[in-house]
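Protein chains in written order, with my numbering: chain B, 360 to 757; chain D, 10 to 512.
Hints are computed from structural coordinates only; laboratory data are not their basis.
These figures come from a predicted structure and were not determined experimentally.
Beta carbons are placed, not taken as given, at the ideal position from N, Cα and C, and that holds for glycine.
Be aware that one or more of the hints could be misleading.
Computed footprint of chain B on chain D, listed as stretches where at least three residues anywhere in the stretch have a Cβ under 8 Å from a Cβ of chain B [to be verified]:
(1) 62-72
(2) 112-120
(3) 247-260
No more than 25 Å apart at the CA atoms, straight line, and that leaves these computed lysine to any residue pairs for SDA-like [what the hints assert, rightly or not]:
(4) K124/D <-> W474/B
(5) K83/D <-> W474/B
(6) K439/B <-> K510/B
(7) K412/D <-> L478/D
(8) K510/B <-> V404/D
(9) K390/D <-> L414/D
(10) K669/B <-> R636/B
(11) K630/B <-> K510/B
(12) K520/B <-> E732/B
(13) K82/D <-> A559/B
(14) K82/D <-> R636/B
(15) K551/B <-> C344/D
(16) K113/D <-> K439/B
(17) K80/D <-> R478/B
(18) K669/B <-> T616/B
(19) K82/D <-> L518/B
(20) K509/B <-> E65/D
(21) K390/D <-> S171/D
(22) K378/D <-> V404/D
Distance windows between CB atoms, simulated [said to hold, decoys possible]:
(23) G314/D <-> Y475/B: 57 to 65 Å
(24) K510/B <-> E159/D: 49 to 57 Å
(25) S428/B <-> H95/D: 48 to 56 Å
(26) R401/B <-> I53/D: 33 to 41 Å
(27) R18/D <-> S428/B: 53 to 61 Å
(28) Y475/B <-> R354/D: 33 to 41 Å
(29) E722/B <-> R50/D: 47 to 55 Å
(30) P358/D <-> F452/B: 17 to 25 Å
(31) K419/B <-> S190/D: 41 to 49 Å
(32) G259/D <-> K419/B: 53 to 61 Å
(33) D479/D <-> K510/B: 45 to 53 Å
In case you want the letters, here they are:
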Amino acid sequence: MSKVPVVIGVGRTAFGEHYELDPERLMEEAGLEALDSAGITRRDLDACYFSDYFLQLTNKIGIEEGFLSELLELHVPMEKSRSFSAALSNACFAIMSGRYRVVLVGGVEKMCDRWYKIRDDLMLLEDPWSYYAGGTPESNHELMLREYIKKYGLDERSLEKMSMALAYIAVKNHRNALKNKLAQFKVPLSEKKVLESRKAAGRLMGRYDFAPISDGATALILTDLEKAKELGLEGVAIYGFYSATDYITFPSREDRTSFVSCRIAIEKALKIAGIRRRDIRLVETYDQSTFLEMVTLEDLGFYGRGEGWKPIYESYESQSPHYEFEGGMLYVNTNGGLKADGNPLGATGGAQVYEVFKQLKGEADERQVKFDEDEVYGCSLEFEGFGTKAYVYIFGRV
Amino acid sequence: MSSEPIERRVSYIGDRLRGSRCRICGREYFRIRDYCGRCGRSSIGKMEAIDFFYEEGVLEACTLITEPTNKFKKLGAYVYGIVSFHNGKVRVPGRLTDKIVDPKNLDLDELEGRKVVPRFRKRHAVSKSDIVPTISLTFTFSDEYYPYQEYKIEPPKKEYESPGIVGYGVYVSKFRIREGSLERSVPFIDEDAVTAAVEAGKLALIHSGVDNSKIGKLYVGSESNPYAVKPIASKVAQVLKLGEEEVDTGVQGVDAIDTEFACKAATSMFKDATALAYYPDAQTSYVMVIGADNSQAAPRDEPGGELDFFVGYGGCAFIFGKEDVIAEVEGWYSCTSDTPDFWRRASEPYPSHGGRFTGEPGYFKHIIKAGRKLMEKMGLKPSDIDYFVAHQPNVKYPIKAAKILGFKEEQYLPGLQVANFGNTYSGSSPVGLASVLDIAKPYQRILLVSYGSGAGSDAYSFITTPQILDKRGRQKFTVRRQIESEFKEFVDYNTYRKFKEGL
């Protein structure tokens, strides 16, 4: 019987622009906080799993593990992945197998150090052929939205409602970020401003519909259930996780109005966790755009395909901080999401776990959600690329 | 700094839009695949090479790009989207080209669902010492300026005793600048001499119906090659798949070379093409000659800027051979002298101009000499000739030359295109010849006299055959269409300069 991975500590830096700080310093800050929050020291670590997309490009840093070894003065096994969720997967497998008992998972990104070229890098990462044809990091979001509207034959009234629902996603995420002192954008946003930015852009989505580029680092400490008990810690368990993969070139995908990788990952993760979808009341989506928050809620199975905008529009009308799902409340991106909390690629997944951990532990301060049920689960979705990879995690209290 | 190996692989696929088809299940792919994802190992060896270079696609969805990535910034605002081929069997990302986008007045709904044709263009900007990246994931609407045309290889019907032109193509951009009575063609910002050469060659293949693998030699004449060293011809040969294709190595069995002699770089090779097609042991069934230029000129307030009033942009390609000839080559005469009337040093961006000495000691001396000598040699009088075409740097010179040689308006006006396109340098007299071939009847005689500064002239006599009429229907993109198209777009002087400078 494999062991159950448990998160026993989390840490993160503020997201945004860290002009004065090297990536190592960001990593150090997040890592120390995670160790402290678990009440352990570096000597307790059996291994480290680390993630970043672009550090070699943005900071010419050399082998990341070497820096981590210096920071921690440790010579334990260390591995590097692209996204935080990918690093966490590897860490989970190691814990489940019993090979390691306590591991650190950390992610960092310094996108702002290469602000002048980062959009080219992002696009080449997403899909070189789309880049060669002139695509931008925003263009596939826009194309998917246009295909979505056509596929579901939205009439003018529905279109207006969906447009408002998408604007409300940005507004709601900014509202959440106002209560998150580590978020990148702690400024209120109005639907009017979102709509104006779209008009200025001449497109269905404007600058306030998209997540920013960010610097930041996140970390967590992972152990197994027995070890957590041994340490006298409750933690938050990972009951199920799964990832799936799709073609790199978005135009060549069969279905261009949803993410098949996300649909596969959630089904498998739910099955492994042995819970129902309605047990999930907290979701951290990969909202690189407002549209992605909406469409991935469909792909995660909370709403029917082509219908995701309806419950969101209702929330807009009542200005409620949650969406409705099967008679209960569904809280989405309570930290502000990628949109307002920030999106330092390699660290982003860590911020999602950080938020779910804090919420389930009741430590989310101002933004703490009051769940109706005792047994609630949180879920995170992280993409690499434009749905090229999808990682879904299901968390619950121990 | 770009990576040469990556550049080779990307343009090898992207320029021609190469793909694969599974012979078992019929699934198609953009990019070369050794096996089909659906059929797996059983499909190894059963994948056939396809490409979408001559195909018509559909713009499925599109969006406006106003904040491009760095290398695309010079394009300004543009439309980017998804293009499908073969009823959605294959979908690729693509950029609309030849389109000046006004973000405030763009209705994307109106663009979606429309048919498009791939166009070969520069991919994006690079630094001056880098390889110029190219791609055909750039599209224009096929119901606008540039039509969709099938490339149908026709088995030859008739062999001629003397070789001649078997097909031709003219490519002139849809953008124009109008100043006074002169209209001049202006490249779009992603065009250059290389893209014009490829377009012209493509159109010539379509018109001739000649099998591209039967072309044994290619000459590309130009004086505006973006490289001092690296031929345009290698790009044209690879993209148009001239000569036998060696699939395993990606090599084309063709001899491809650039030539340069100011504006006569292409016409000079007509005789070589004719001779090669005639020589039995050479086994070159067909020879392609292209003249293409993004005619260079310094801005008008700088030295050499007098050219800025006359330069155009475009390419013209001819295929020579012995089968299904539309105009036989009857004879030729060339002359050369070391006359420096116009030149460009290797490191200079713009040519220098001999001013008043470009006329008498340059243009007229050589054109008149070559024209007279050829007529003399062949025992022809001006009245034996139906059309006279001369190099056309402006409107005045070719008319004066025609009159000196004894030609009347009805003989020289049909081939005078400079007022429509400007001086297309290596493509100048070839475009004139093509415009005459567009309208000539069988058994008409055409006298062509080119001029290249430096200096020299080539005179040729062609006589049309009845097959000229058979092939006429195969080319929709005639010179007339390019002159009269309602989709022509006029630009102002600053845009013209910006477009000419390119990405």
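Each hint, compared with the structure:
For the stretch 62-72 of chain D, the proposed coverage by chain B is satisfied: 4 residues have a C-beta within less than 8 Å of a C-beta in that chain, meeting the threshold of three. For the stretch 112-120 of chain D, the assignment as covered by chain B holds, since 4 residues bring a beta-carbon within under 8 Å of that chain's beta-carbons and 3 suffice. Only when three residues or more bring their CB closer than 8 Å to a CB of chain B does the claim for the stretch 247-260 of chain D stand; here the count is 0, and the claim is violated. Restraint check for K124/D and W474/B: not satisfied, since their Cα atoms lie roughly 38 Å apart, outside the 25 Å limit.
Pair hint K83/D plus W474/B holds up; C-alpha atoms about 19 Å apart against a cutoff of 25 Å. Between the alpha carbons of K439/B and K510/B the distance comes to roughly 40 Å, so the proposed pair goes past 25 Å and is violated. For the hint linking K412/D to L478/D, the alpha-carbon distance of about 30 Å lies beyond 25 Å, and the restraint is violated. The straight-line distance between the Cα atoms of K510/B and V404/D is roughly 56 Å, outside the 25 Å bound, and the hint therefore fails.
Only pairs whose Cα atoms come within 25 Å are accepted, and K390/D paired with L414/D is accepted, the gap being roughly 10 Å. Annotation: proposed proximity of K669/B to R636/B holds, straight-line Cα distance about 19 Å (limit 25 Å). Between the alpha carbons of K630/B and K510/B the distance comes to roughly 30 Å, so the proposed pair goes past 25 Å and is violated. Restraint check for K520/B and E732/B: the C-alpha separation of about 31 Å exceeds 25 Å, so the hint is violated.
In summary, the hint linking K82/D to A559/B is supported, as the alpha carbons are separated by about 19 Å, within the 25 Å threshold. For a cut-off of 25 Å, the pair hint linking K82/D to R636/B is broken: about 45 Å separates their Cα positions. Note on K551/B and C344/D: the hinted pairing is violated, with a Cα-Cα distance of about 74 Å set against a maximum of 25 Å. In summary, the hint linking K113/D to K439/B is not supported, as the alpha carbons are separated by about 46 Å, beyond the 25 Å threshold.
Among the hinted pairs, K80/D with R478/B is consistent with the structure: their alpha-carbon atoms are about 10 Å apart, no more than 25 Å. Annotation: proposed proximity of K669/B to T616/B holds, straight-line Cα distance about 16 Å (limit 25 Å). A hinted pair counts as satisfied when its Cα atoms are at most 25 Å apart, and K82/D with L518/B does not qualify at roughly 32 Å. Between K509/B and E65/D, the direct Cα distance comes to roughly 22 Å. Compliance with the 25 Å bound is thereby established for this hinted pair.
The straight-line distance between the Cα atoms of K390/D and S171/D is roughly 22 Å, inside the 25 Å bound, and the hint therefore holds. Only pairs whose Cα atoms come within 25 Å are accepted, and K378/D paired with V404/D is accepted, the gap being roughly 20 Å. Between G314/D and Y475/B the beta carbons are some 35 Å apart, a value that contradicts the proposed interval 57 to 65 Å. In this structure, K510/B and E159/D break the distance hint of 49 to 57 Å, their C-beta atoms being roughly 32 Å apart.
The hinted range of 48 to 56 Å is satisfied by S428/B and H95/D, whose Cβ atoms lie roughly 54 Å apart. About 52 Å separates the C-beta atoms of R401/B and I53/D, a value inconsistent with the hinted range of 33 to 41 Å. For R18/D paired with S428/B, a C-beta distance near 37 Å fails the hint of 53 to 61 Å. Against the hinted window of 33 to 41 Å, the Cβ-Cβ separation of Y475/B and R354/D comes to about 35 Å, which satisfies the hint.
The hinted range of 47 to 55 Å is satisfied by E722/B and R50/D, whose Cβ atoms lie roughly 54 Å apart. Distance hint check: the CB atoms of P358/D and F452/B are about 60 Å apart, inconsistent with the given range 17 to 25 Å. Range check, K419/B to S190/D: about 59 Å between beta-carbon atoms, so the 41 to 49 Å window is missed. Distance hint check: the CB atoms of G259/D and K419/B are about 35 Å apart, inconsistent with the given range 53 to 61 Å.
The hinted window of 45 to 53 Å between D479/D and K510/B holds, with their beta carbons roughly 48 Å apart.
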